[in-house]
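For the record, the sequence lines run as chains A and B. All letters in the first sequence, in the order written, are residues 0 to 198 by numbering that gives the first Met the number 0. All letters in the second sequence, in the order written, are residues 0 to 198 by numbering that gives the first Met the number 0.
Since the hints were made in silico from the structure, they are not lab data. Fair warning: this is a prediction, and the values are worked out from it, not measured in the lab. The beta-carbon is built from N, C-alpha and C at its ideal position, and this holds for glycine as well. Heads up, a few of these hints could be off.
[Claimed, not checked] Taking CB as the label site, the calculated pair distances span:
{"#": "1", "chain 1": "A", "residue 1": "Q105", "chain 2": "B", "residue 2": "G70", "range": "35 to 45 Å"}
{"#": "2", "chain 1": "A", "residue 1": "Q177", "chain 2": "B", "residue 2": "L112", "range": "21 to 31 Å"}
{"#": "3", "chain 1": "A", "residue 1": "G34", "chain 2": "B", "residue 2": "A41", "range": "34 to 44 Å"}
{"#": "4", "chain 1": "B", "residue 1": "K45", "chain 2": "A", "residue 2": "R146", "range": "48 to 58 Å"}
{"#": "5", "chain 1": "B", "residue 1": "G70", "chain 2": "A", "residue 2": "E109", "range": "31 to 41 Å"}
{"#": "6", "chain 1": "A", "residue 1": "R178", "chain 2": "B", "residue 2": "V40", "range": "45 to 55 Å"}
{"#": "7", "chain 1": "B", "residue 1": "A41", "chain 2": "A", "residue 2": "E126", "range": "39 to 49 Å"}
{"#": "8", "chain 1": "B", "residue 1": "T50", "chain 2": "A", "residue 2": "F75", "range": "52 to 62 Å"}
{"#": "9", "chain 1": "A", "residue 1": "D91", "chain 2": "B", "residue 2": "P84", "range": "32 to 42 Å"}
{"#": "10", "chain 1": "B", "residue 1": "S134", "chain 2": "A", "residue 2": "A31", "range": "21 to 31 Å"}
{"#": "11", "chain 1": "B", "residue 1": "G197", "chain 2": "A", "residue 2": "R145", "range": "40 to 50 Å"}
{"#": "12", "chain 1": "A", "residue 1": "E109", "chain 2": "B", "residue 2": "K45", "range": "53 to 63 Å"}
[Claimed, not checked] Chain A is nowhere near these chain B residues, computed Cβ spacing over 12 Å in every case:
{"#": "13", "residue": "Q37"}
{"#": "14", "residue": "F55"}
{"#": "15", "residue": "Y57"}
{"#": "16", "residue": "W67"}
{"#": "17", "residue": "G68"}
{"#": "18", "residue": "L72"}
{"#": "19", "residue": "E74"}
{"#": "20", "residue": "A81"}
{"#": "21", "residue": "A99"}
{"#": "22", "residue": "A140"}
{"#": "23", "residue": "R170"}
{"#": "24", "residue": "D179"}
{"#": "25", "residue": "A196"}
Each chain is listed here by its residues.
2 protein chains.
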Amino acid sequence: MSVAAINYDLSMGRWEPDARGRLEQAALALYAERGFEQTTVAEIAKRAGLTERTFFRYFADKREVLFWGAGSLQEFLVGTLASAPDSAAPIDAVAAALEAAGALLQERREFSLKRQAVIAANTGLQERELIKLASLASAMAEALRRRGVRDPAASLTAEAGIAVFRIAFDRWINESSQRDLPQFIRESLDDLKAVTAGR
Amino acid sequence: MSVAAINYDLSMGRWEPDARGRLEQAALALYAERGFEQTTVAEIAKRAGLTERTFFRYFADKREVLFWGAGSLQEFLVGTLASAPDSAAPIDAVAAALEAAGALLQERREFSLKRQAVIAANTGLQERELIKLASLASAMAEALRRRGVRDPAASLTAEAGIAVFRIAFDRWINESSQRDLPQFIRESLDDLKAVTAGR
Numbered sequence: 000m001s002v003a004a005i006n007y008d009l010s011m012g013r014w015e016p017d018a019r020g021r022l023e024q025a026a027l028a029l030y031a032e033r034g035f036e037q038t039t040v041a042e043i044a045k046r047a048g049l050t051e052r053t054f055f056r057y058f059a060d061k062r063e064v065l066f067w068g069a070g071s072l073q074e075f076l077v078g079t080l081a082s083a084p085d086s087a088a089p090i091d092a093v094a095a096a097l098e099a100a101g102a103l104l105q106e107r108r109e110f111s112l113k114r115q116a117v118i119a120a121n122t123g124l125q126e127r128e129l130i131k132l133a134s135l136a137s138a139m140a141e142a143l144r145r146r147g148v149r150d151p152a153a154s155l156t157a158e159a160g161i162a163v164f165r166i167a168f169d170r171w172i173n174e175s176s177q178r179d180l181p182q183f184i185r186e187s188l189d190d191l192k193a194v195t196a197g198r
Numbered sequence: 000m001s002v003a004a005i006n007y008d009l010s011m012g013r014w015e016p017d018a019r020g021r022l023e024q025a026a027l028a029l030y031a032e033r034g035f036e037q038t039t040v041a042e043i044a045k046r047a048g049l050t051e052r053t054f055f056r057y058f059a060d061k062r063e064v065l066f067w068g069a070g071s072l073q074e075f076l077v078g079t080l081a082s083a084p085d086s087a088a089p090i091d092a093v094a095a096a097l098e099a100a101g102a103l104l105q106e107r108r109e110f111s112l113k114r115q116a117v118i119a120a121n122t123g124l125q126e127r128e129l130i131k132l133a134s135l136a137s138a139m140a141e142a143l144r145r146r147g148v149r150d151p152a153a154s155l156t157a158e159a160g161i162a163v164f165r166i167a168f169d170r171w172i173n174e175s176s177q178r179d180l181p182q183f184i185r186e187s188l189d190d191l192k193a194v195t196a197g198r
C-alpha cells in the first residue's frame, strides 16, 4: 500500500475504507514471508496501516483471516441447494451449487492461491481446512435431507460433492490453465462419474 | 477384569499377558465413564492392573490408544491395493481393499462401537479422526498412481472410497442390523454409483 493511501486512511479517523481487505492482504503477505506462526496481529495491523483494535473488529484472531469466508460459503451452498428445482437429481443439485460457489471463488483466485500456499505450509491450518470441508459436507447432506433425499444417499452425494470440489480446487490452484473453477468442477464430476462406473 | 486376573498378572512381574489389550479396554471404559479429557494415564494403568511405565511401552499418550491402529490399517489398504490384479478397475481395487479391511474391523466391532462413542463426544478427537481419514485417502491415491492410474482419477477414486468407507462404517456402528461391515461397504459403493449416475 502506498504512503498516500495510509495517510489518507489515518486522516479518516475511525472510518477505514476496505479495512477488512487491507488486513487480509497484509496478513497473507506476512504469512507468506515469515510463516503463519511467526506473524503477530500487531504486525498485520501495522502493515495494513491500521490499529490492532481495528483488526479485532473484523477478526477474532489471526487464523480467522484465513477462514472467515467459510460461514458464508456454507450458507451460499445450502441456500443454492434449497432453491434447486424439485426435479433435479441430488448430484446435479449439488454440482450446480458447487459451480455457483466456484464462480464466486473465481473472482478471488489471487487470494485463493496465496491462502492455499499458507495453509500447505502449516499442519494446524491443514487440519482446520479439513474440518471446514467436513462441516460443508454435513451442511449439504442436511440440505439434501430437507429436499427429501434419504440417507445414505444424502450423505454420499454430499461427500462425493466435496471430494469433487477439493480436487477441482487443487487443480485450479496448481495447473496453469485457462479453465476457470466451475469448469474444473464440471470436469471433476465427470471424472468421478467415470471412475465410479469402473471406467 | 477379575481380581484373580490382576493378581495373576502382578505375580508375573514384568511379563504381562495381553497388556496392550487390557490397557485399551481400561482406557475405553474410563473415557466412556469420565470423558477423554478427564482421564489420566495413571488411572488407565491402575484400572488395567499395570504400571504407567508399561502403558508408555505401548502408547505414546492417551490419545494413541484410540489411533494406534491407523498405521497398520493404512499399510494393509496400500498392500492390498498393490496386490490387486492388473485388470481390476481402480474403483474395484479400492472397494476390494476396503472390504478386506472391513472384514478385519468386523472382528473388533465391540471395540469400534466404544471407540466411536468416545470420539463423538470430543471435538479434538473428531479432528484427529478426520486427519486419519485424509491420510488414508492420500495413501490410497498414491498406491493407485503406482498402479498407473493418473490424476485426477487416482485422487477421486481414493476420496470416493474413503467417503464410502466412512458412511458404511457409520451405518455399521449405528444401525442394528445383521449385516457386517464388508456388506455395508458393498452397499454404500452401490449407492454411490447410483447417486453419481443421477439416480
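So, going through the hints one by one against the coordinates:
The hinted window of 35 to 45 Å between Q105 of chain A and G70 of chain B holds, with their beta carbons roughly 39 Å apart. Roughly 51 Å separates the CB atoms of Q177 of chain A and L112 of chain B, a value that falls outside the hinted 21 to 31 Å. G34 of chain A and A41 of chain B have their C-beta atoms about 37 Å apart, which keeps the hinted 34 to 44 Å range intact. The hinted window of 48 to 58 Å between K45 of chain B and R146 of chain A holds, with their beta carbons roughly 52 Å apart.
Distance hint check for G70 of chain B and E109 of chain A: the Cβ-Cβ separation is about 39 Å, which falls inside the suggested range of 31 to 41 Å. Our hint of 45 to 55 Å for R178 of chain A and V40 of chain B holds, since their Cβ atoms are close to 53 Å apart. A41 of chain B and E126 of chain A have their C-beta atoms about 29 Å apart, which leaves the hinted 39 to 49 Å range violated. Taking the beta carbon of each, T50 of chain B and F75 of chain A are about 55 Å apart, inside 52 to 62 Å as hinted.
For the hinted restraint 32 to 42 Å between D91 of chain A and P84 of chain B, the CB-CB distance of approximately 34 Å keeps it satisfied. At about 26 Å, the CB distance of S134 of chain B to A31 of chain A agrees with the hint of 21 to 31 Å. A C-beta distance of roughly 20 Å is found between G197 of chain B and R145 of chain A, which places it outside the suggested range of 40 to 50 Å. The beta-carbon spacing between E109 of chain A and K45 of chain B, approximately 57 Å, falls within the hinted interval of 53 to 63 Å.
Non-interface status of Q37 of chain B relative to chain A is upheld: no Cβ of that chain comes within 12 Å, the nearest being about 23 Å off. For F55 of chain B, the non-interface assignment is confirmed: its Cβ lies about 24 Å from the closest Cβ of chain A, beyond the 12 Å cut-off. For Y57 of chain B, the non-interface assignment is confirmed: its Cβ lies about 25 Å from the closest Cβ of chain A, beyond the 12 Å cut-off. Chain A leaves W67 of chain B outside its interface by the beta-carbon criterion, the shortest separation being 19 Å against a cut-off of 12 Å.
Under the 12 Å C-beta cut-off, the non-interface status given to G68 of chain B relative to chain A holds; the minimum distance is some 20 Å. At roughly 18 Å, the least C-beta separation between L72 of chain B and chain A is larger than 12 Å, which holds for a residue marked as non-interface. Every Cβ of chain A is farther than 12 Å from the Cβ of E74 of chain B; the closest lies at roughly 22 Å, confirming the non-interface assignment. The beta carbon of A81 of chain B sits about 18 Å from the closest Cβ of chain A, which is more than 12 Å, so the claim that it is off the interface holds.
With a closest Cβ-Cβ approach of about 18 Å to chain A, A99 of chain B is found to remain outside the 12 Å limit, as its non-interface label requires. Separation of A140 of chain B from chain A is inadequate, the least Cβ-Cβ distance of about 10 Å not exceeding the 12 Å criterion. Not every Cβ of chain A is farther than 12 Å from the Cβ of R170 of chain B; the closest lies at roughly 6 Å, contradicting the non-interface assignment. Even its closest Cβ contact with chain A, about 16 Å, leaves D179 of chain B beyond 12 Å, as expected for a residue assigned away from the interface.
Residue placement check: A196 of chain B does not keep its beta carbon more than 12 Å from all beta carbons of chain A (closest about 7 Å).
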